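**Student:** Chains A and B are the protein sequences, given in the same order. Residue 263 in the working numbering sits at position 36 of the first sequence, with consecutive numbering throughout. Residue 76 in the working numbering sits at position 60 of the second sequence, with consecutive numbering throughout.
Everything labelled a hint here was simulated from the structure, so no lab data went into it. Check each hint, because a few of them may be wrong.
[Stated by the list, open to error] Non-contacting residues of chain B with respect to chain A, defined by C-beta distances greater than 12 Å in every case (computed):
1) LEU59
2) GLN96
3) LYS113
[Stated by the list, open to error] Label pairs and their calculated CB-CB ranges:
4) B/SER44 x A/LYS298: 42 to 52 Å
5) A/LEU238 x B/ARG121: 20 to 30 Å
6) B/ASP85 x A/ILE239: 17 to 27 Å
7) A/ASP283 x B/GLU30: 26 to 36 Å
8) A/THR341 x B/SER43: 19 to 29 Å
9) A/VAL241 x B/PRO55: 46 to 56 Å
10) A/LYS245 x B/ASP32: 19 to 29 Å
11) A/THR240 x B/ARG76: 41 to 51 Å
12) B/VAL35 x A/ASN278: 14 to 24 Å
13) B/ASP74 x A/THR247: 35 to 45 Å
14) A/LYS284 x B/SER44: 12 to 22 Å
15) B/GLU21 x A/ASP283: 17 to 27 Å
16) A/LYS292 x B/GLN96: 35 to 45 Å
Since the model is a prediction, treat every value here as computed from it, not as a measurement. Glycine residues also receive a C-beta, built at the ideal position from the N, C-alpha and C atoms.
Here's the letter readout for the chains.
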Amino acid sequence: EAQVTQNPRYLITVTGKKLTVTCSQNMNHEYMSWYRQDPGLGLRQIYYSMNVEVTDKGDVPEGYKVSRKEKRNFPLILESPSPNQTSLYFCASSLFSTGGYEQYFGPGTRLTVT
Amino acid sequence: GEDVEQSLFLSVREGDSSVINCTYTDSSSTYLYWYKQEPGAGLQLLTYIFSNMDMKQDQRLTVLLNKKDKHLSLRIADTQTGDSAIYFCAESTNTDKLIFGTGTRLQVFP
C-alpha cells in the first residue's frame with residue numbers, strides 16, 4: 228500500500244531534550260516536506276527536500292533540522308525543543324515538486340513540549 | 017510575500033450546497049489546490065486547478081477560479097455529514113513551496 232508513515236504519532240517531552248520524528252515513504256517520491264499545523268495558522272512548511280542530499284528551508288525552519296540521506300526517509304530533528312514547538316507535525320511527499328503533483332500526507336505527529 | 021486566506025468556519029444543513037472561499041496574493045500561482053482533513057488524519061487532495069482555467073468540475077465538487085480577484089472557491093453539492101472536515105486551500109508558484117491557507121472547518125448538521 229502506498230503510504231507515508233511517521234513515528235511516533237504522539238510525543239510528550241521536556242524542554243531541551245533532543246528528539247527525532249521519522250518519516251518514510253514507499254512511493255519512490257523525490258519531493259518530501261515537513262509541515263506544522265497550528266490552530267488559526269493552517270499548515271506552515273518547515274523544510275523540504277527535492278531529492279537525496281538536497282534540502283531547503285520553508286517558512287518556519289528555526290529550531291528544526293532535517294536530513295535526506297536516502298530517498299525514502301526524511302527525519303525531522305529538534306535539537307533543543309521549546310514549548311513553542313508544541314504542534315501537530317505532518318510529513319508529506321510527492322513525485323516531483325509541488326506543481327500539479329499531489330502531496331501525500333502522513334497521519335501526523337502530535338508533539339507536546341513542556 | 018505569499019498569503020492564502022480562508023474563513024475559519026462554515027456550517028450547512030445536510031443536502032444543501034457548501035461554498036468554501038479562499039483568497040491568495042501571489043499572482044504567479046501556477047496551481048491551486050483543495051485538500052480535505054478529516055479528524056485525526058492527514059490531508060488528502062480533493063482536487064486542483066491550473067491557473068489558466070476558470071472552472072473545474074468533479075462529481076459533487078466544483079472549483080471556480082477568478083484570477084483577476086485572486087479568488088478560489090470550492091462548491092460541494094448535496095453536502096453530506098461525511099463532508100464534515102477541515103478544507104485547506106493551497107497554492108504553488110514558481111518556487112518549490114506549497115502555501116496553505118488557514119483551513120475552513122465545515123460542519124454539516126442534519
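**Student:** Determine for every hint whether it applies to the structure shown.
**Tutor:** Now the hints, each set against the structure:
1. LEU59: 5 Å, violated
2. GLN96: 23 Å, holds
3. LYS113: B/LYS113 is in fact no farther than 12 Å from some Cβ atom of chain A, at 6 Å.
4. B/SER44 x A/LYS298: 42 to 52 Å: 29 Å, violated
5. A/LEU238 x B/ARG121: 20 to 30 Å: 25 Å, holds
6. B/ASP85 x A/ILE239: 17 to 27 Å: 45 Å, violated
7. A/ASP283 x B/GLU30: 26 to 36 Å: 44 Å, violated
8. A/THR341 x B/SER43: 19 to 29 Å: Violated - the Cβ-Cβ distance for A/THR341 and B/SER43, about 43 Å, lies outside 19 to 29 Å.
9. A/VAL241 x B/PRO55: 46 to 56 Å: The hint (46 to 56 Å, Cβ to Cβ) is violated, given that A/VAL241 and B/PRO55 are roughly 28 Å apart.
10. A/LYS245 x B/ASP32: 19 to 29 Å: Since the Cβ atoms of A/LYS245 and B/ASP32 sit about 50 Å apart, the hinted range of 19 to 29 Å is violated.
11. A/THR240 x B/ARG76: 41 to 51 Å: 43 Å, holds
12. B/VAL35 x A/ASN278: 14 to 24 Å: 39 Å, violated
13. B/ASP74 x A/THR247: 35 to 45 Å: 39 Å, holds
14. A/LYS284 x B/SER44: 12 to 22 Å: 20 Å, holds
15. B/GLU21 x A/ASP283: 17 to 27 Å: For A/ASP283 against B/GLU21, whose Cβ atoms are near 25 Å apart, the range 17 to 27 Å holds.
16. A/LYS292 x B/GLN96: 35 to 45 Å: 43 Å, holds
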